[in-house]
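Trainee: With chain V held as given, fit chain A onto it using these hints.
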Amino acid sequence: MSHAPPPPSPQLPPALRDRVLAAVQEEPAETQGSWLKRRTIILVLSSLGAVALFFAMGGLKVADRDFRYLSVLSLAWALVTVMCTYVVVRRGGSSVGVERNVVGLVFASPLALVLVVLFAGQLDPNPGLVPRKDLSCLILSMVFAGLPAVGTIMAHRGAVFIRRRWFAAAVASSAAVFGCFLMMLKCPCHEIGHLLIGHVLPVVIFAGIGWALGVAALSLGKKKSGSG
Amino acid sequence: MRFTTDYGARFWRWYLHAAAPTCHLESLDFQLLDFEPNGSLNRRLNMLGAVIEAFVSGLVAFAVGTDPTALADGEVDVPLVAEDEAMARYSRGEDKAMGELYDRLAPRLYQFLLRRLRHQAEAEDVLQQTFLQIHRARGTFVSGSRVAPWAFVICRRLLVDRVRSRGSRESKASQELDEKMVDPRGDVESMVYARELGEQAAKVLDALPAAQRHAFVMLRIDQLSVVEAADVLGISVSAVKLRAHRAYVALEEQLGASIT
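Line by line, the protein sequences give chains V and A. Counting with the working numbering, you get residues 1 to 228 for the letters of the first sequence. Counting with the working numbering, you get residues 1001 to 1260 for the letters of the second sequence.
What the hints contain is simulated information worked out from the structure, not anything from laboratory work. Please read all numbers here as calculations on a predicted model, not as lab measurements. Don't take every hint at face value.
[Stated by the list, open to error] Computed beta-carbon distance windows for the label pairs:
(1) V:38 to A:1164: 28 to 38 angstroms
(2) A:1211 to V:193: 40 to 50 angstroms
(3) A:1082 to V:136: 51 to 61 angstroms
(4) A:1236 to V:114: 21 to 31 angstroms
(5) V:136 to A:1096: 49 to 59 angstroms
(6) A:1198 to V:107: 40 to 50 angstroms
(7) V:213 to A:1121: 28 to 38 angstroms
[As the list claims (entries may be wrong)] In silico contact screen, one side only, chain A against chain V (beta carbon under 10 angstroms); selected entries:
(8) 1092
(9) 1093
(10) 1095
(11) 1099
(12) 1132
(13) 1135
(14) 1140
(15) 1143
(16) 1146
(17) 1151
Backbone N, C-alpha and C fix where the C-beta goes; we use that ideal spot for every residue, glycine too.
Just chain V, same shape as in the assembly (with noise of 0.2 angstroms):
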């Protein structure tokens, strides 16, 4: 694109706006209200199936934590689930997003939660009692994510982003914390190398998912212009 002199330019044809006018009222569109409600409804559901695929499995065991330990550690990791939750649903309150919180919440989430880890271990009057050494954590918890992740992405599908690649890994990201979360009321095993690799380490990998399917995922594909 060069950018050339701009010379006195050509008004705007009056017949382009019933054009668009008509051409708009050809197509019917969701308005706020009923997006709104849209997204809502698939976000509850979303994450309601990952609860019900985590009763299946067993739900909450609790074994031979501490209870203050484990306490601590909900509650702490709950906090950042829906603070995560909380950005990705408001974008900011911009419709085109704000990119210093979605890239901020791709960096700061696994932070956070190593940090809630490394608190809460702290706190642990057994630690490393039960080690684990498989990877079943690290694929159960992307399990649990995957739904709510590609429910919020579903949602989100033609909205307008200035950084859709960071956006959807952001929706990635804070899914991925709530199927960890998920994963640590499951898992006994409250080694701090276990917690890391398996509830931790899935955050990372589903935000580089999201960043690299994210102009895909969230693009609603051409359509007809309807244009003359």
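Mentor: For chain A alone, coordinates are given in the frame of chain V:
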């Protein structure tokens, strides 16, 4: 600081009176609507979100010890204008607001397109697509936010698609538009001078880094505000100012006093 919903502003004013009486109310940008206790589920959800937002802002301000209503360094608050309110009404389902929105946005978008495409019919086509896209995405518009950056982002994406697809037709179209755009009112000498100067400026602009060029063109030629340009380009207000300034300095150096 701008609140995304009217209830947020209402709650925030209450919060300031109740919890932080020393803050300055004048710096708030109020867009209050009448409170509707029996409003729809969405409005109530919206209100709940706004209350949480205001509360979190208040808590953060209390923890950090700053005035949350103060603007960030280099940030300029732009009050909502008629086009934003028209878009808000349109997104809520008031179809008649599209006409008003078109009247306010279309001339700016059209000039934006025309300067880049340099082809009248193509500019009209992309403009129509832009409004169709605005229509399709109206549900996702956030009430209380500015519509211009949103519309320019849509327009810019469609423009990029168009430029990619049209390929080699560009030079022919450019020549065609130049012929159409000769102002019959001006005298020949000044027209020739303006054209030469314009061509020189265009060369200098094209030689600039893309980031500086975009910022300069959006501010000086497309007449976007600094905040709007920052939203469209996805960078901070300070970065827009800096880039535009660098472009201006480069232009001034190359063209001398003639551009002023």
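Trainee: Kindly indicate which numbered hints from before are broken by the structure, ordering the numbers from low to high.
Mentor: Result: no hint breaks.
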